[in-house]
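I would like the entire structure built from these sequences, with the hints used as guidance.
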Amino acid sequence: MAQSDVKYDPLYDSLKRGDWNAAKEFIDRHPGALTYRGSSSGGTALHEAIERKQLHIVEELLKLMTEKDLEIDDDLGFTAFFYALLKGMAAIVAKMVKKNKNLVTKRFTNSKDRTPVLVACGWGHWEIARFLYSRTPIHVLTQDKNGRDDIGWDLLQKYPKLALTENYSLGHSPLNTLAGLHSAFPSEVRLSCWQRLIYNRIHDLHEIRLGHDRNLQILRLVCDVVKRTNLYRKQTDFMETAIFRAVERGKVEFIRETCKANPRIPLMTMDERGRSIFHYAVECRQEKVFNLIYGINEYDRNAILKHAYRFNNTILHAAGSLSAHLNHIQGAALQMQRELQWFKEVERILSPRDFENHKALMKEGEESMKGTATSCTVVGALIVTIMFAAAFTVPGGSNQDTGFPTFLRKKIFRVFLISDSISLFFSTTSVMIFLGILTSRYAEDDFLKSLPTKMLLGLFTLFLSIAAMMVAFSSTLFIMLEGESWVSIPILLLAGVPITSFVWMQFPLFLDILMFTYGRGIFCRAWE
0 MAQSDVKYDP LYDSLKRGDW NAAKEFIDRH PGALTYRGSS SGGTALHEAI
50 ERKQLHIVEE LLKLMTEKDL EIDDDLGFTA FFYALLKGMA AIVAKMVKKN
100 KNLVTKRFTN SKDRTPVLVA CGWGHWEIAR FLYSRTPIHV LTQDKNGRDD
150 IGWDLLQKYP KLALTENYSL GHSPLNTLAG LHSAFPSEVR LSCWQRLIYN
200 RIHDLHEIRL GHDRNLQILR LVCDVVKRTN LYRKQTDFME TAIFRAVERG
250 KVEFIRETCK ANPRIPLMTM DERGRSIFHY AVECRQEKVF NLIYGINEYD
300 RNAILKHAYR FNNTILHAAG SLSAHLNHIQ GAALQMQREL QWFKEVERIL
350 SPRDFENHKA LMKEGEESMK GTATSCTVVG ALIVTIMFAA AFTVPGGSNQ
400 DTGFPTFLRK KIFRVFLISD SISLFFSTTS VMIFLGILTS RYAEDDFLKS
450 LPTKMLLGLF TLFLSIAAMM VAFSSTLFIM LEGESWVSIP ILLLAGVPIT
500 SFVWMQFPLF LDILMFTYGR GIFCRAWE
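Residue numbering for the sequence shown follows numbering that gives the first Met the number 0, beginning at 0 and increasing consecutively.
The set of hints was computed from the structure by calculation and includes no laboratory data.
A couple of the hints might just be wrong.
What the hints assert, rightly or not - Pair by pair, the computed Cβ-Cβ distance ranges are:
no.	residue 1	residue 2	range
1	Thr438	Val496	32 to 42 Å
2	Ser39	Lys111	18 to 28 Å
3	Leu304	Glu363	29 to 39 Å
Note that CB positions come from ideal geometry on N, CA and C, so glycine has one too.
See below:
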């Protein structure tokens, strides 16, 4: 045995005997003994005391050690905290965590890279597991990018009642955390039009789908626990908070599953202002959540619709008020259209004066429409001018004797004439349509179909005129550079840039207008 090891023998002998006075006297003479790894497993004095369950000595050692000292490993790569977990020393674990909060997040690499809370569950120390769970950050409990197991899912499967455990430091429960997770369910993910089409197929979205599936499994497990448990008041409050948080974010899967667990939720769940989940869904303009009202029996549905909350407001007042949740809709005009769709859904019983709140939005929508129409009118008029002039200054000029175009017999020249005519006709049409938008009366009902339809037709005809113009330009190049393909082909490829850029910039707007105006609508009365 090395001389350095012999030096600390008295300390470890006193620890084996449980003699704290002798150990303290030695530590006072040799302060470095606290961090010296001299136990049989290469651990510190704290490792030794925990191994021998000398609780009073462990407590005294913790008073002398620093926060960093608690992270010292033995030869096997384990801290004293790990052994305290294994032996179920709840009081010691609590004191160690109080001294060093990082211990709850530090994974044990030599124990399948598990976190402390999972180790406690694995050994059946549920009191410690509850304690650690309430102090472990949510990002530690969820799956990371390295493919580790989802700890939250593993915990809930092994001990389902953890689903009702409150996190006292954060003031909420696992259900509340799940309700607040960003993009946890498909209903709240706003994918682009391309992503919506290929959600089930594209590899890049595979991880998103896996996350959605796992979150739904966790939600169903939690709801199953709720269904089989008599909740006390604080747990009920946590659940109600989670439900309204989910409504605000449009998590329709969350609302549907919790309602299955407790069918009285739609009728009985109210927030501090007395609003039901459907009142709040209308305020937040979450149509997917609101659609769930059509799956409720008529008696309960009427009770919800007639329910009045603060200042005697009903669900009709919520629909008639300007919502602050419109940022995801492009442009004031489409926002106005969406507000009108909500209004039309309840207009049978909504007083017209309630819609006065939308005057400012209607003004913004008018300015937005006029701005877009003005820009497109300028572009359309420019194309009309160019195409009209091109029809009389044909490539190659005219035959001096007959007056006919020189390349009249060439097929490519006919392509030029046809594309020039198409471009001229459609650009003229688009200008007329956009002028119609500029001179519209901009009444409330115009935003519902009239103006969006005009904008659709205007953008469509303008796109066709631009595409036809580039075809006319390309055919002219072929005529003028006949036999010089090494020059004409690169130029033709560049001719596709304006068309592509127009589609890239305007297609999302075009698609939004098309879906909002002629799609299946945001409300579904057949919802179950």
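We went through each hint and held it up to the structure:
In this structure the supplied range 32 to 42 Å holds for threonine 438 paired with valine 496, their Cβ-Cβ distance being about 33 Å. Between serine 39 and lysine 111, the C-beta spacing of about 24 Å keeps the proposed range 18 to 28 Å intact. A hinted range of 29 to 39 Å holds for the C-beta pair leucine 304 and glutamate 363, which are about 30 Å apart.
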